[in-house]
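S.K.: One line per chain: the protein sequences are E and H, in this order. When we follow my numbering, the leftmost residue of the first sequence carries the number 1, and every step to the right adds one. When we follow my numbering, the leftmost residue of the second sequence carries the number 1001, and every step to the right adds one.
Among the hints, erroneous ones may be present.
Restraint-style ranges between C-beta atoms, simulated for each label pair [to be verified]:
| hint | chain 1 | residue 1 | chain 2 | residue 2 | range |
| --- | --- | --- | --- | --- | --- |
| 1 | E | R127 | H | V1201 | 57 to 63 Å |
| 2 | H | W1053 | E | W528 | 45 to 51 Å |
| 3 | H | W1053 | E | L378 | 52 to 58 Å |
| 4 | H | A1194 | E | V138 | 30 to 36 Å |
Keep in mind the hints are simulated off the structure, nothing from the lab. Remember, predicted model here, so these are calculated numbers, not experimental data. Ideal placement from N, C-alpha and C gives every residue a C-beta, glycine not left out.
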Amino acid sequence: MHDMSAHAAQHHAPPTSFIRKYVFSLDHKVIGKQYYGLALVAALCGMVLSWMMRIHLGWTNAAIPGLQLLSKTGAPGGVMTPEYYLQLMTMHGTIMVFFVLTTAPFAAFGNFFLPIQVGAEDMPFPRFNMMSFWVTFVAFVVLMSSFVLGDGPTLGGWTQYAPLNAVGSVAGPGQGLGVVLWMISIALFCVGQLLGALNFITTTLDLRVKGMSLMRLPLSAWAWFITSCMGLTAFSVLFPACILVILDHVAGTSFFVASNLVLNDQLQPHSGGSTLLWQHLFWFFGHPEVYIAIVPGIGIVSHILITSMRKPMLSQRVLIYCMGALAVLSYGVYGHHMFVSGMNPFSALAFSFPTLVITIPATIVVLIWVFSLYGANLRINSASLFALGFISMFVSGGVSGFFLAQPSIDIMLHATYFVVGHFHMVMGVAAMFGIFAATYFWAPKMFGRMMNETLGRIHFWLSFVGTYCIFMPFHYLGMAGNIRRYSSFPDDYLQPLIPVHRLITVAALITGAAQLIFVYNLIHSRFWGKPATDNPWEATSLEWSTATPPPWDNFGGKYPVVYHDPYQYGVKSSVGDYVMQASPEQVKTDHDEK
Amino acid sequence: MATTIHEPPQIEPDRLPDHGHSGNGGWRNLVPADGDLRVTQDYSPPPSSTAIWVVLFAVTMMFAAFTSALFVRKGSSLDWQTFTLPSILYFNTLLLVASSVTLEISRRRVATYMGGLKSQVKSPARWLYITLFLGLLFVAGQYVAWLQLRAEGLYLATNPSSSFFYLLTATHALHVLGGLGGLIYVIRKLSKSALRRNQLVATARYWHFMGILWLYLLLLLWIKL
Chain E
1 MHDMSAHAAQ HHAPPTSFIR KYVFSLDHKV IGKQYYGLAL VAALCGMVLS
51 WMMRIHLGWT NAAIPGLQLL SKTGAPGGVM TPEYYLQLMT MHGTIMVFFV
101 LTTAPFAAFG NFFLPIQVGA EDMPFPRFNM MSFWVTFVAF VVLMSSFVLG
151 DGPTLGGWTQ YAPLNAVGSV AGPGQGLGVV LWMISIALFC VGQLLGALNF
201 ITTTLDLRVK GMSLMRLPLS AWAWFITSCM GLTAFSVLFP ACILVILDHV
251 AGTSFFVASN LVLNDQLQPH SGGSTLLWQH LFWFFGHPEV YIAIVPGIGI
301 VSHILITSMR KPMLSQRVLI YCMGALAVLS YGVYGHHMFV SGMNPFSALA
351 FSFPTLVITI PATIVVLIWV FSLYGANLRI NSASLFALGF ISMFVSGGVS
401 GFFLAQPSID IMLHATYFVV GHFHMVMGVA AMFGIFAATY FWAPKMFGRM
451 MNETLGRIHF WLSFVGTYCI FMPFHYLGMA GNIRRYSSFP DDYLQPLIPV
501 HRLITVAALI TGAAQLIFVY NLIHSRFWGK PATDNPWEAT SLEWSTATPP
551 PWDNFGGKYP VVYHDPYQYG VKSSVGDYVM QASPEQVKTD HDEK
Chain H
1001 MATTIHEPPQ IEPDRLPDHG HSGNGGWRNL VPADGDLRVT QDYSPPPSST
1051 AIWVVLFAVT MMFAAFTSAL FVRKGSSLDW QTFTLPSILY FNTLLLVASS
1101 VTLEISRRRV ATYMGGLKSQ VKSPARWLYI TLFLGLLFVA GQYVAWLQLR
1151 AEGLYLATNP SSSFFYLLTA THALHVLGGL GGLIYVIRKL SKSALRRNQL
1201 VATARYWHFM GILWLYLLLL LWIKL
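Whenever a hint applies, use it, and build me the whole structure from the sequences.
M.R.: Shown next, in the form of structure tokens:
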């Protein structure tokens, strides 16, 4: 039985008022859905921004109707200025990395399902949990407000490099108030995620139900736990870095601005700051951040594939160790973003080696998936299709990383479209596919209704083909020398590449439109979808033991007892080819040696 | 369907796992040799205990980031001006260490009180109030230190060394204020006799950590500034 204090801490009365039920809710399930809604809105904003970027790249002088309403100075007559392109690009990256890729796989699905998968009634600190969502929400509002306040959003990229992030408006539109708003928004985001990580870690370690040893946790639960440990370490470093930049802006300090810097013919009133310091602090956070974006997807995809294959992975234990190895090693590789920053070439070697080593656990994970899939009778549905798509994207995007990991090659490829193609595929698309897979898989449990399978398959095939059409050519562009973060390419040597850009733009617009099928499916199914049974996928983990949708205290006042590992599939039991984790039934598995 | 609680099933001895080889597809050690299906201990630590370590880890990482910023900034510039630390800082340190001692005294008294021997402890919150007072004095003393620096003409942006002084001491003081909030919460809970042991343990751990952190910061400032 739980320690009584542990039990009492997370116990809260069922909500009665509308505000308590749907707005300021203490229930982790509502908070998870709120995070999902935020991520959905953010993803749509980020996608529209990418459309505007792509149109400008293909047709530089074209007028985008209505853009002048968003910014008169940034897009006079609808034609984007180069500065405004950079501003839109910055917001695209910031919104997508923080408010979609960190929020949806980790905060949204993790909040909803981690307590249920460990057998708990709720997280141990529901008030902190509620605070974490609303702080993240305020962070999003602050970020979006930079579109309409001052002279627009910051233009320094989601990486916000010094010194341009610290010198103020002399560096361009949005570099004054825009940067301060960005830093405040991200600092708030860090606080929200730290509060979330607190809850995730304590839930996993302290609230597991009887019989649920750590090794009996489903892979998705392990992924969320490992991600929250990474988040705890990484966001605690980004937060002070943002504070230092805000101080450079408002208090006249010089943490990041070097002496004798002349911008726009003006000598900057700063002394002796370290420009590279920002890169160290940012990338110490930034590299674990991209693993925070992908590790939940690894866990979720493993979980879904096992259910669809009707057999466990070749080694669950190794998958867990590999996810842990990715987390630990991620802190030692951050310098690979700084190979051409002017730091000591020996340190480039020191970062290149762990970058190549970190491919080992990632490869092991992929090989376990592939070899587990071999010979499996996979049940094909939207969720398992997107899970397979995740593997495809992760591999396709990941292999380009081998090239970037080597400083000598990176000198040519740094800041080209090769890098952009790499991270979009391995992190952007793969994590999105993970989010889609999780949505199709868990929507029945979250909303009590099945999503439309036909629309799901159409969504998958259009997205799969579409994202390959968008991002594969990026690698070619990069190798041809196409620089990133340029709003247009007037140089002669890049002119032959413009048709490639236009092709990509067309693919992007079509793929973007395909996402609207998903949004329609989600909203339509939420209200008018086929009602779901408690366990439509015949799955074994604890979330499928409870009602659909789960009651406010997850298990109806009772606590499940766990008798098995989470993936007893491919067996002959009284209910079919699976044994649920909470079922006391003992069956002979293929792995029994007696 | 909703879960039901079942009796543990009887397992035949020949279905118990063999520890000689991997057994059960790699799931060794999930069922211990004596046959009890329940692997985990029945006791798990209260979440506040784990939580406070999580919080302390996050705070440590934040000050680690500030420390590395200090080292890099000092190393990258020629304009670093060292200055003598205001002497009141040492007095403040004594206050903070004393507050940790008084907090430990109060823990024992509260434990006696909440443990049922209420008659032996007249005012269980007295030493908590003393700790609170010492903590407030510490924060006030830090403010006096800032005033002293300002009197010498050293403001936040005057020099990188002063920037870091204000930054580190102010951040620490803000965290101490958070700890004071925790102490007030504990005092209020105690007055309603609703204080749980792990709440006081967590608050005390945080408070002692603030003391240790301050000793580290003082050493850092003394060496580097």
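S.K.: Each hint needs a verdict: does it hold in this structure or not?
M.R.: Here is how each hint holds up against the structure:
no., hint, verdict
1, E:R127 x H:V1201: 57 to 63 Å, "20 Å, violated"
2, H:W1053 x E:W528: 45 to 51 Å, "47 Å, holds"
3, H:W1053 x E:L378: 52 to 58 Å, "42 Å, violated"
4, H:A1194 x E:V138: 30 to 36 Å, "32 Å, holds"
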